[in-house]
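Enquirer: Chain by chain, the residues run as shown.
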Amino acid sequence: MSEGIKSVAFRKGREASWQTLEALIRRIERRGMRSLKADELQSLPLLYRSTLSALSVARAIALDRALVLYLENLSLRAFLVVYGPRLGLVAGLCQYFVRDFPAAVRAARWHVLLAFLTTFAGIIAGFLLVQADPSWFHTLVPGGLAEGRGPNSTRESLLNDEIFGHSATSFRQAIVFFANFLFQHNTTVGLLQFSLGIVGGVPTLLLLLYQGLTLGAFIEIHTARGLTVEFLGWLSIHGVTEITAITLCGAGGLYIADAFLFPGLYSRAENLRLKGRRAGEIMIGAMIMFFIAALLEGGLRQWVASTPGRYTIGGLTALAWLLYFVRSGRAAP
Amino acid sequence: MTMATAVRPPKVKEKRSARRDLMTPEGVILPVELAGRGGRAGAFLIDLVIWLGSVIGIYLGIDFGFKHGADDVVLEIAEFIVFIIRQSYFIFFEIVWQGRTPGKRLLGLRVVDRRGGPLLPASVIVRNLARDLELFLPLRFLVVDLIFWSPWWAVLNGACLLGFLLLPFFNRGRLRLGDFVAGTMVIKVRPVKLAQDLIEAQQQFRFSDKQLRAYGAFELQVLEDALRRSPSSDTEALYRDVAAVICRRIDFPSAVAAKDAERFLRDFYAAQRGFLEREQLFGKPRLDKHHAG
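As you go down the protein sequences, you meet chains W and X in turn. Residue numbers for the first sequence follow this note's numbering, so the first one is 2 and each next one is one higher. Residue numbers for the second sequence follow this note's numbering, so the first one is 6 and each next one is one higher.
A portion of the hints provided could be inaccurate.
[Stated by the list, open to error] Within a straight-line C-alpha distance of at most 30 angstroms, the following computed DSBU-like cross-link-like pairs (lysine-lysine) qualify:
| # | chain 1 | residue 1 | chain 2 | residue 2 |
| --- | --- | --- | --- | --- |
| 1 | X | Lys264 | X | Lys215 |
| 2 | X | Lys215 | W | Lys13 |
| 3 | X | Lys215 | X | Lys289 |
| 4 | X | Lys215 | W | Lys7 |
| 5 | W | Lys38 | X | Lys198 |
| 6 | W | Lys38 | X | Lys289 |
| 7 | X | Lys294 | W | Lys7 |
| 8 | W | Lys7 | X | Lys289 |
| 9 | X | Lys264 | X | Lys193 |
| 10 | X | Lys294 | X | Lys264 |
| 11 | X | Lys198 | W | Lys7 |
| 12 | X | Lys198 | W | Lys13 |
| 13 | X | Lys289 | W | Lys13 |
| 14 | W | Lys13 | W | Lys38 |
Keep in mind the hints are simulated off the structure, nothing from the lab.
Let the sequences and hints guide you as you build the complete structure.
Expert: Spelled out as structure tokens, the structure:
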């Protein structure tokens, strides 16, 4: 009699292939995709598809609940493996740098512009405030960042200790200490800008404005002593990369805020889902730019002690970033 | 009612709120079980311990490695490594282990895309960057508030922190802020073993179609659950009761002996399933005993 029941015959005929798939999945779950041999890897999608179609058939013809539950579970586990992140770490990184990061920045170009304009407004305001009353400097610049520089600094001390100074005793120490501190400081600020985007974007703009104010205050104390050209050269060597990265972090935060505040055609949750990823891609890229900026600042700035040389490097990095963001990955589909 | 919903096995004893449906690119719907909030907190604590443990390990290693006090540069590099571990621990594992950190792996949890698409590295990055805002930033500010500012700021910050922590209790997908932004959710995946088919080769009792029409798919699955119970004196008593109820309902002509109760139920299950599957195949699914026809 049992031969007459379709679901029993169905199960008997296919059980072996389900067990094979289950064994493969268990191995991948424990030891990763690499534990599979080439022929096993080739059979994986075939087994997955046939199990999935078996599930559809079982749902249509079988009233064996244990069987349906088993097939649902096996299909889900296989699905997670087959549609999991497919790229290896290296291939993924390559694709990210060539295509995803610049594309994300291009998608957020208006947010980048807004973030940049906000920073720029901050610079102007900071400059004018300190020009009107030098005591503003200490209000705008935290002590740790000022490192003793301020309205009381003389032209000579700024020139010798800061712009052409050798504060660190060796090249190795300079690159390690200084770069590390700057990297951590900048990354933390960048993360903050991004996170604050999630709560509406206004705090992100304030933080960008504040960063601009600090920079503006610094520029003013140098301008007042006739050191504008030297200071901007000193700044440009790493500043181009660093300020771009800060702007991108802000833009990432604004992109999220935009998705949340003005969802447009989609629901808020859906729009966040769509744009959140883009913002994340921008953020990771910005972190890496901070790292590059820290290396430039810690190492190259001590090493290149002439103002024209510094402008050359600053200009070249600006050109490189511009080309990268505008051109890279455009040809890819 | 469409065919697809009509033939889905009725769900017995399942909390609806804990389930979601994923659609695979092939168009097949797979039900998934959402991870419990306690399990997620547990996984996070395990990860926290591993992560802090590795940081302490690095510093202890340096302490042992350099007997005369470590070089400043070495310490600085160690600090850099610690910073990198802090920022990338979750991201690294969730990308390389397909949505699982060591803590999640131990507890059988997994991050997946809410729409059934592939889990993208960007999603992983976003959901983990958001944790800074949800947890570490308010915590840090809380400490600063208590030391430098008034307790009122601390209350405000604490409320903020509490709001983020309680967010998974106030939405159906148990999503935290990072999940919302990244389009992900956390599910629990437990391997299910294929249970023995209850239908055996030989049947002793026979039933007519009219008798089998008394019940539907729902009752069949209640019977299946009963037949999969582990043997005990309770189970035997249950079998006797159920056999008696079925006999009354279908007007079974001869009495069933107490020792044959399980045999009777197994045979009835086999006959009933064969009948219902045949009916279903002919486009007449019977959901339960109240079903007309």
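Enquirer: For each hint, tell me whether it holds in the structure or not.
Expert: Hints and how they fare:
no., hint, verdict
1, X/Lys264 / X/Lys215, "26 angstroms, holds"
2, X/Lys215 / W/Lys13, "29 angstroms, holds"
3, X/Lys215 / X/Lys289, "15 angstroms, holds"
4, X/Lys215 / W/Lys7, "21 angstroms, holds"
5, W/Lys38 / X/Lys198, "25 angstroms, holds"
6, W/Lys38 / X/Lys289, "47 angstroms, violated"
7, X/Lys294 / W/Lys7, "22 angstroms, holds"
8, W/Lys7 / X/Lys289, "16 angstroms, holds"
9, X/Lys264 / X/Lys193, "42 angstroms, violated"
10, X/Lys294 / X/Lys264, "27 angstroms, holds"
11, X/Lys198 / W/Lys7, "22 angstroms, holds"
12, X/Lys198 / W/Lys13, "16 angstroms, holds"
13, X/Lys289 / W/Lys13, "25 angstroms, holds"
14, W/Lys13 / W/Lys38, "27 angstroms, holds"
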